[in-house]
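Each chain is listed here by its residues.
2 protein chains.
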Amino acid sequence: MKRLELFGVQGIGEVHAGARLGQIICDGCLSQAIELADNDLLVVAQKIVSKAEGRTVRLDEVKPSERARQLAQELDKDPALVEVILGESRKVIRTGGRALIVETHHGFVCANAGVDQSNVGLGQVALLPRDPDRSARQIRDEIQRLTGKSVGVIISDSFGRAWRIGTVDVAVGIAGMKAIKDERGSQDHHGYELKAAVAAVADEVAAAAELVMGKRDGVPVVIVRGYQLEKKEDGSVRELLRPEAEDLFR
Amino acid sequence: MKRLELFGVQGIGEVHAGARLGQIICDGCLSQAIELADNDLLVVAQKIVSKAEGRTVRLDEVKPSERARQLAQELDKDPALVEVILGESRKVIRTGGRALIVETHHGFVCANAGVDQSNVGLGQVALLPRDPDRSARQIRDEIQRLTGKSVGVIISDSFGRAWRIGTVDVAVGIAGMKAIKDERGSQDHHGYELKAAVAAVADEVAAAAELVMGKRDGVPVVIVRGYQLEKKEDGSVRELLRPEAEDLFR
Numbered sequence: 170m171k172r173l174e175l176f177g178v179q180g181i182g183e184v185h186a187g188a189r190l191g192q193i194i195c196d197g198c199l200s201q202a203i204e205l206a207d208n209d210l211l212v213v214a215q216k217i218v219s220k221a222e223g224r225t226v227r228l229d230e231v232k233p234s235e236r237a238r239q240l241a242q243e244l245d246k247d248p249a250l251v252e253v254i255l256g257e258s259r260k261v262i263r264t265g266g267r268a269l270i271v272e273t274h275h276g277f278v279c280a281n282a283g284v285d286q287s288n289v290g291l292g293q294v295a296l297l298p299r300d301p302d303r304s305a306r307q308i309r310d311e312i313q314r315l316t317g318k319s320v321g322v323i324i325s326d327s328f329g330r331a332w333r334i335g336t337v338d339v340a341v342g343i344a345g346m347k348a349i350k351d352e353r354g355s356q357d358h359h360g361y362e363l364k365a366a367v368a369a370v371a372d373e374v375a376a377a378a379e380l381v382m383g384k385r386d387g388v389p390v391v392i393v394r395g396y397q398l399e400k401k402e403d404g405s406v407r408e409l410l411r412p413e414a415e416d417l418f419r
Numbered sequence: 170m171k172r173l174e175l176f177g178v179q180g181i182g183e184v185h186a187g188a189r190l191g192q193i194i195c196d197g198c199l200s201q202a203i204e205l206a207d208n209d210l211l212v213v214a215q216k217i218v219s220k221a222e223g224r225t226v227r228l229d230e231v232k233p234s235e236r237a238r239q240l241a242q243e244l245d246k247d248p249a250l251v252e253v254i255l256g257e258s259r260k261v262i263r264t265g266g267r268a269l270i271v272e273t274h275h276g277f278v279c280a281n282a283g284v285d286q287s288n289v290g291l292g293q294v295a296l297l298p299r300d301p302d303r304s305a306r307q308i309r310d311e312i313q314r315l316t317g318k319s320v321g322v323i324i325s326d327s328f329g330r331a332w333r334i335g336t337v338d339v340a341v342g343i344a345g346m347k348a349i350k351d352e353r354g355s356q357d358h359h360g361y362e363l364k365a366a367v368a369a370v371a372d373e374v375a376a377a378a379e380l381v382m383g384k385r386d387g388v389p390v391v392i393v394r395g396y397q398l399e400k401k402e403d404g405s406v407r408e409l410l411r412p413e414a415e416d417l418f419r
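Note that the protein sequences, when read in sequence, are chains A and B.
Going from the first sequence to this note's numbering is simple: count from 1 and add 169.
Going from the second sequence to this note's numbering is simple: count from 1 and add 169.
Be aware that a few hints might be false.
[To be verified] Derived pair list, reagent style SDA-like, types lysine to any residue, alpha-carbon separation capped at 25 Å:
(1) Lys364/B / Glu230/A
(2) Lys318/A / Lys401/A
(3) Lys260/A / Asp285/A
(4) Lys384/B / Ala366/A
(5) Lys347/B / Glu413/B
(6) Lys171/A / Glu204/B
(7) Lys400/A / Leu315/A
(8) Lys318/B / Lys232/B
(9) Lys364/A / Arg385/B
(10) Lys384/A / Arg189/A
(11) Lys260/A / Ala365/B
(12) Lys364/A / Lys232/B
(13) Lys384/B / Arg189/A
(14) Lys318/A / Gly180/A
(15) Lys260/B / Asp416/A
(16) Lys246/A / Asp351/B
(17) Lys384/B / Ala365/A
(18) Lys347/A / Ser319/A
(19) Lys246/A / Pro412/B
(20) Lys171/B / Gly182/A
(21) Lys171/B / Ala365/A
(22) Lys171/A / Pro412/B
(23) Lys171/A / Ala202/B
(24) Lys232/A / Gln242/A
(25) Lys384/B / Met170/A
(26) Lys401/A / Gly329/B
(27) Lys400/A / Ala206/A
(28) Lys260/B / Gly180/A
Simulated from the structure, these hints should not be mistaken for lab results.
The model shown is predicted, which means the values in this text are computed figures rather than measured ones.
Isolated chain A (complex conformation) (with noise of 0.2 Å):
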């Protein structure tokens, strides 16, 4: 029988700047009688990650610009939050209602920059982190160092979407696994060619694990088990991230 199972990793607490994610991760599962096992999928929800590798900010402590300031009149946001969120960005692809969409210097589009206030404590904002596969291939390496298991590494995070109402969590860094699942040029069990069969599994396997997570659990990494993942030691979630130049929508 095909199956997958998702196992919440708990009992984690407020991660510190200064973590060691890998060692925390490894620890929780011991205190849950979980064993990882090689092509197990670790899902770790960014913010404990942004706050292991301090990309934290006090609000107070930022000097907002003229154009921060005019956006958020506009959008009738915090200006010390818009300041934070264009300093996150490379460009601002919508903006309208309350909304602020970019694309991050990761090339992510997404709402704020994924700069977030909750979770982190009053008056304070998380950032993502700075290079998040480099993030995710440190946790992974540090979980092959203490317990042999080479296993795959997402980190996650809520975003919005397009035309539809409600976050869905993505990957926004992954490692030890391809990103994608890429079926064209095989046939169906009638002889036509797939000729769309790109599945997105890195998300996928972010969004199966967000109803584990929860937002107010306090769950931030998942074990997915089951999942036959295509193993690929220099995976990034750029492999995610359509040009510009092919995006109807930018």
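Chain B: place on chain A using the hints.
Below, chain B alone, put in the same frame as chain A:
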């Protein structure tokens, strides 16, 4: 431990027009010794729903309009296929490269109106169900009648996205559940009031199920067990459709 399990229902085989899917799914579960439980979620691939409802078209029986011919030439597509796509659409949103992004009569923004040539037989295409929420309700009701169990049902399809490469599966119809999880107004552990916390859980469940379905594995039904779904008798995929007036990308 927070835990989620997904298992694929195999051996369903080719589905023909007029098939009773609830019965077929129950038979499939029985043959794998899966006992359905209250609160299980069933994710059913759109393709078998469309086939059961006779929503397939032979392209050689389609007479393309002048508009379809023109668009087909621009986009290097089959004129008959474009004619079918236009018939399923209330509006063309973008064209470019070989892509034809439309808004369907249901209100979905997606490529090709969900019209799809794979896994349906050479020279044929499958259309989305006419009323996918109703299709989901029929499956749910039939399962309830046959097993006495109250399950949630999601009909899923693979949709492309703006900005990111690859498809993810999303819900195109639901029954017996809420499509979103809305935690706005509740507080995180630091006392911060969550402002953007609306998760498209039906889409996340569909995405998770795709990891088990695959495109070529003959697993059109996946059971998701362990998710604390919010029941809603008149749940609808319309909860997930962003009104055009609030959409920055239409």
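Hint-by-hint comparison with the structure:
{"no.": "1", "hint": "Lys364/B / Glu230/A", "in the structure": "holds, 23 Å"}
{"no.": "2", "hint": "Lys318/A / Lys401/A", "in the structure": "holds, 15 Å"}
{"no.": "3", "hint": "Lys260/A / Asp285/A", "in the structure": "holds, 18 Å"}
{"no.": "4", "hint": "Lys384/B / Ala366/A", "in the structure": "holds, 7 Å"}
{"no.": "5", "hint": "Lys347/B / Glu413/B", "in the structure": "holds, 21 Å"}
{"no.": "6", "hint": "Lys171/A / Glu204/B", "in the structure": "holds, 16 Å"}
{"no.": "7", "hint": "Lys400/A / Leu315/A", "in the structure": "holds, 20 Å"}
{"no.": "8", "hint": "Lys318/B / Lys232/B", "in the structure": "violated, 46 Å"}
{"no.": "9", "hint": "Lys364/A / Arg385/B", "in the structure": "holds, 13 Å"}
{"no.": "10", "hint": "Lys384/A / Arg189/A", "in the structure": "holds, 23 Å"}
{"no.": "11", "hint": "Lys260/A / Ala365/B", "in the structure": "holds, 22 Å"}
{"no.": "12", "hint": "Lys364/A / Lys232/B", "in the structure": "holds, 24 Å"}
{"no.": "13", "hint": "Lys384/B / Arg189/A", "in the structure": "violated, 38 Å"}
{"no.": "14", "hint": "Lys318/A / Gly180/A", "in the structure": "holds, 22 Å"}
{"no.": "15", "hint": "Lys260/B / Asp416/A", "in the structure": "holds, 19 Å"}
{"no.": "16", "hint": "Lys246/A / Asp351/B", "in the structure": "holds, 21 Å"}
{"no.": "17", "hint": "Lys384/B / Ala365/A", "in the structure": "holds, 11 Å"}
{"no.": "18", "hint": "Lys347/A / Ser319/A", "in the structure": "holds, 14 Å"}
{"no.": "19", "hint": "Lys246/A / Pro412/B", "in the structure": "holds, 23 Å"}
{"no.": "20", "hint": "Lys171/B / Gly182/A", "in the structure": "holds, 16 Å"}
{"no.": "21", "hint": "Lys171/B / Ala365/A", "in the structure": "violated, 35 Å"}
{"no.": "22", "hint": "Lys171/A / Pro412/B", "in the structure": "violated, 37 Å"}
{"no.": "23", "hint": "Lys171/A / Ala202/B", "in the structure": "holds, 14 Å"}
{"no.": "24", "hint": "Lys232/A / Gln242/A", "in the structure": "holds, 15 Å"}
{"no.": "25", "hint": "Lys384/B / Met170/A", "in the structure": "holds, 16 Å"}
{"no.": "26", "hint": "Lys401/A / Gly329/B", "in the structure": "holds, 23 Å"}
{"no.": "27", "hint": "Lys400/A / Ala206/A", "in the structure": "holds, 14 Å"}
{"no.": "28", "hint": "Lys260/B / Gly180/A", "in the structure": "violated, 50 Å"}
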